[in-house]
Structures are given as C-alpha cells and as structure tokens.
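Colleague: Here the protein sequences line up with chains W, Z, U, L and P, keeping their order.
Note that our numbering gives residue 857 to position 71 of the first sequence, counting from 1, and the numbers run on in steps of one.
Note that our numbering gives residue 873 to position 87 of the second sequence, counting from 1, and the numbers run on in steps of one.
Note that our numbering gives residue 793 to position 7 of the third sequence, counting from 1, and the numbers run on in steps of one.
Note that our numbering gives residue 869 to position 83 of the fourth sequence, counting from 1, and the numbers run on in steps of one.
Note that our numbering gives residue 828 to position 42 of the fifth sequence, counting from 1, and the numbers run on in steps of one.
Mixed in with the good hints, there may be bad ones.
A pair counts as met if it fits within one copy or between any two copies, since identical chains are not told apart.
[As the list claims (entries may be wrong)] For lysine to any residue, the following SDA-like pairs were computed, each having C-alpha atoms within a straight-line distance of at most 20 Å:
no. : residue 1 : residue 2
1   : K809      : I872
2   : K804      : E820
3   : K804      : D873
4   : K804      : P822
5   : K804      : I793
6   : K791      : R840
7   : K804      : D819
8   : K804      : T821
9   : K804      : F874
10  : K791      : G836
11  : K804      : H838
12  : K809      : F874
13  : K809      : R823
14  : K791      : N817
15  : K791      : G855
16  : K791      : V833
17  : K804      : T825
18  : K804      : G824
19  : K804      : V837
20  : K804      : Q814
21  : K809      : G824
Bear in mind the hints are in silico, worked out from the structure with no lab data behind them.
Listed below are the residues making up each chain.
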Amino acid sequence: MQIGKVIGTLVATQKSRKFDGAKLLLVQPLNADETPRGTALLAVDSVGAGVHDRVLVVLEGRSAGEALGKKWAPVDAAIVGIIDRIDFE
Amino acid sequence: MQIGKVIGTLVATQKSRKFDGAKLLLVQPLNADETPRGTALLAVDSVGAGVHDRVLVVLEGRSAGEALGKKWAPVDAAIVGIIDRIDFE
Amino acid sequence: MQIGKVIGTLVATQKSRKFDGAKLLLVQPLNADETPRGTALLAVDSVGAGVHDRVLVVLEGRSAGEALGKKWAPVDAAIVGIIDRIDFE
Amino acid sequence: MQIGKVIGTLVATQKSRKFDGAKLLLVQPLNADETPRGTALLAVDSVGAGVHDRVLVVLEGRSAGEALGKKWAPVDAAIVGIIDRIDFE
Amino acid sequence: MQIGKVIGTLVATQKSRKFDGAKLLLVQPLNADETPRGTALLAVDSVGAGVHDRVLVVLEGRSAGEALGKKWAPVDAAIVGIIDRIDFE
C-alpha cells in the first residue's frame, strides 16, 4: 500500500456504469516523510475521504475491487484508510 | 486509474479472436495538469471514446477485462470514462 | 497493451511442463513512433508471430494466461496481435 | 518477492473494516547487499515482524491477500517471512 | 517473463507456512545480451534451478502461484525455466 494525499476530484459523466455513485479522487503519492513522490493518480474512495486527507491507497485491481465490493470491479486503485499517524525512524 | 488523452488508433488484422469488434486506442498518459507523462499505451475502449478525448484508464488485467465483459479478457488496459473536469489544488 | 517488435527466440529445455509446445519470443517494446523503449522482455506467442513482426503485447498474468488458454497459465506476457498499422497524431 | 527492513508503523482509525486487527508496517526496500532502494511502502504483517526486522515482502494483491487469508483482501503488499540470512555472490 | 541469473539463496526460518519446502533464490535480472539490469529479486524455484543458472522468471502473483501449485500461493515471482540459448538480433 502507498501513502498519499487527496488533492482533487474528477468528474466523468460518460463512464462505465459500474462507477455510478463512486467518488473518484485525485491522490498525490507521498514518501514516508510526506514529501510528494511521482505523479498524481486516481483512486476510488471507500472510506469517506476528502481533499487534504492523508490516505492509505491500494494499487492493484483485485485489492481495489475488493475494497469496494464486486460491483465496482473495473478499478485499479482504491483509498482504504485515512491516516492518523505515521511513526518511523 | 490514470488520466490520458486518446491520440490514435491501431489496426491489427491478425489478432486473438477475443478482440473481434474491440476498438484499440492509443492513449498518451497525462499529469493532473494535463501535460504528457511517459510513453503512449494501448487500451481497449468501453465507453465510446475517440481521438482527442481525455479519458480515465484502468491499467491492470482483471479490472480491464471487467470493464469489457469476460469475452474481452486478454487485455491489461481499458478506457472506462471520458473526463469532463478535473479540479485540483 | 504495449507495442513491440519480435527480435529473437529463447530455448529452455528444462522448464515448467505447462510451457510444452509454447513459443517464447523476445520482444523489444517500442514507442508509438516505433523507436525502441526500455529493455526486451519474453512473451508467449498466441497468434503465430515471428521475428521482425510488430506485435501487440499484454503484460499481466491473468490476461496473458487468458490469451493462451488455461493450460499455459504460468505466464505474465503474451503476444495477442500482429500490428498492421498505427495512426497517431 | 523483495527484501526489506521494517522502519515504522502506521495508525489509521478510519479504515476498511477488513483491516481490523491487521498490523500495518512501513518497510524500506533493500538491495541484496542491504543498502536502501527506492521509497518506503506499507505492508500488512503475517508473521509477527517488528521494527528493525529484515523481511521478505510480496508485492501484489492476490499473493498478499493469500498470505493473510481471504478476510484481509484489500491489500497489495504483505510481509511473509523474517530473513535470517542472505548468501550471494 | 524476464531473463535472470541465479546469484544467491535466502534463509528465512520464520515465514508463512505456505513456503515450507520452497526454495527461495536471489535472481539478478539480465538484458537480452546478459548484462545485469536493475536490482536483484527473490523468486521461488519450480524447476530445480541453482546458483549460476540463467533462468526464465515470471513476475506476477497469479502466474507465479500457478507455476508452483496452489499451496504456494503467497508468491509474486517464480523461476519457470532454465535457459539454454537466446537468439536475437
């Protein structure tokens, strides 16, 4: 899983029906010290995250679909937690 | 999921039968600010996208196959939405 | 999916039984303008491709196995089409 | 699989229910000679690993879920072993 | 699939039970001309490979698990062949 920060939202009217009702968030991956890392990606939210939240992201289809239930299957990234604290050396 | 722009098409007469009828589009991945990022990839269309559209792409086999129904299984990338608007900080 | 060019073959006498009869080809990934990109990879052929062909490659286990039928399962890349033409801007 | 070193922990109160009871560890990937490589990632522990342990990490959803049992499905990385010794040339 | 060379072994006493009896090998990925490429990875052996062998490696969970039988599921890389010869241009 990766650490990220929600930085935006995306609107797509014409989309796979399986996305109806799903919230698509733009997430900036972060390093452990919370500096940005690489390019932003899109993830489906499963925990009620919003812009500015630091989140836990799974980056793989099976696990992302699992996070959302079978009906949201055509996804490859999902937000599965809101991070309270990271402790590291 | 990734943001991309459809920039072309591909013709392959001799191909896996499971692709019959599928539309293969060349997609340039984009950053959130819509500047190009990395190399173009090929994705199967599931939403009626065309050249110049900004699209939402899933990059993984299970989710790409899911977007298209089981009969299109041997794919690892699919267009699952046409993007209207991206809002980010 | 990726664009590639078949550049060689590989012989492995001692291999997983599930590969018996499969043709392993060395594929050089290409950019849309057909310049080489990154390092060559090995893919199982499912469409009768040969050296010099420009091919369509899936890079993921489920989709590669799907291209070849279940009996070829331990694969992560397969050639699923021979490219006639790429049109792009 | 990858070699890594556990360097921290993560607390996420609001998370997918399927993570209840799972221990999320921050892992620094290592080269074979145990120098750091790339950015830290988050993995679910399945073997009782702790900070400072050198660990064996699987980086893929199906295998990570398998390591933890089906109920921990929405994961893409898991610690599956604690490394005693690496011998290499 | 990737080309690699077995360069070492790994010992992990405390590990997922599903690894009991599995041989974990350290593999250096190679380019087609057999120069080293990137960092070494760990793969489970399914063909009796040993140090110095040039091997064919699958890098993905479903295919790696398939190479080893279901009981070895929590793996993301497996050695599926020993390479005799690579012919390329």
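Colleague: Next step is simple, just say for each hint if it's right about the structure.
Modeller: Now the hints, each set against the structure:
no. : hint        : in the structure
1   : K809 x I872 : between (25 Å within a copy, 13 Å between copies)
2   : K804 x E820 : neither (33 Å within a copy, 25 Å between copies)
3   : K804 x D873 : neither (37 Å within a copy, 22 Å between copies)
4   : K804 x P822 : neither (31 Å within a copy, 28 Å between copies)
5   : K804 x I793 : neither (24 Å within a copy, 25 Å between copies)
6   : K791 x R840 : within (4 Å within a copy, 23 Å between copies)
7   : K804 x D819 : neither (36 Å within a copy, 26 Å between copies)
8   : K804 x T821 : neither (34 Å within a copy, 28 Å between copies)
9   : K804 x F874 : neither (38 Å within a copy, 24 Å between copies)
10  : K791 x G836 : within (9 Å within a copy, 26 Å between copies)
11  : K804 x H838 : neither (26 Å within a copy, 24 Å between copies)
12  : K809 x F874 : between (31 Å within a copy, 14 Å between copies)
13  : K809 x R823 : neither (23 Å within a copy, 24 Å between copies)
14  : K791 x N817 : both (11 Å within a copy, 16 Å between copies)
15  : K791 x G855 : neither (23 Å within a copy, 29 Å between copies)
16  : K791 x V833 : within (14 Å within a copy, 29 Å between copies)
17  : K804 x T825 : neither (26 Å within a copy, 28 Å between copies)
18  : K804 x G824 : neither (28 Å within a copy, 28 Å between copies)
19  : K804 x V837 : neither (23 Å within a copy, 24 Å between copies)
20  : K804 x Q814 : neither (24 Å within a copy, 24 Å between copies)
21  : K809 x G824 : neither (22 Å within a copy, 26 Å between copies)
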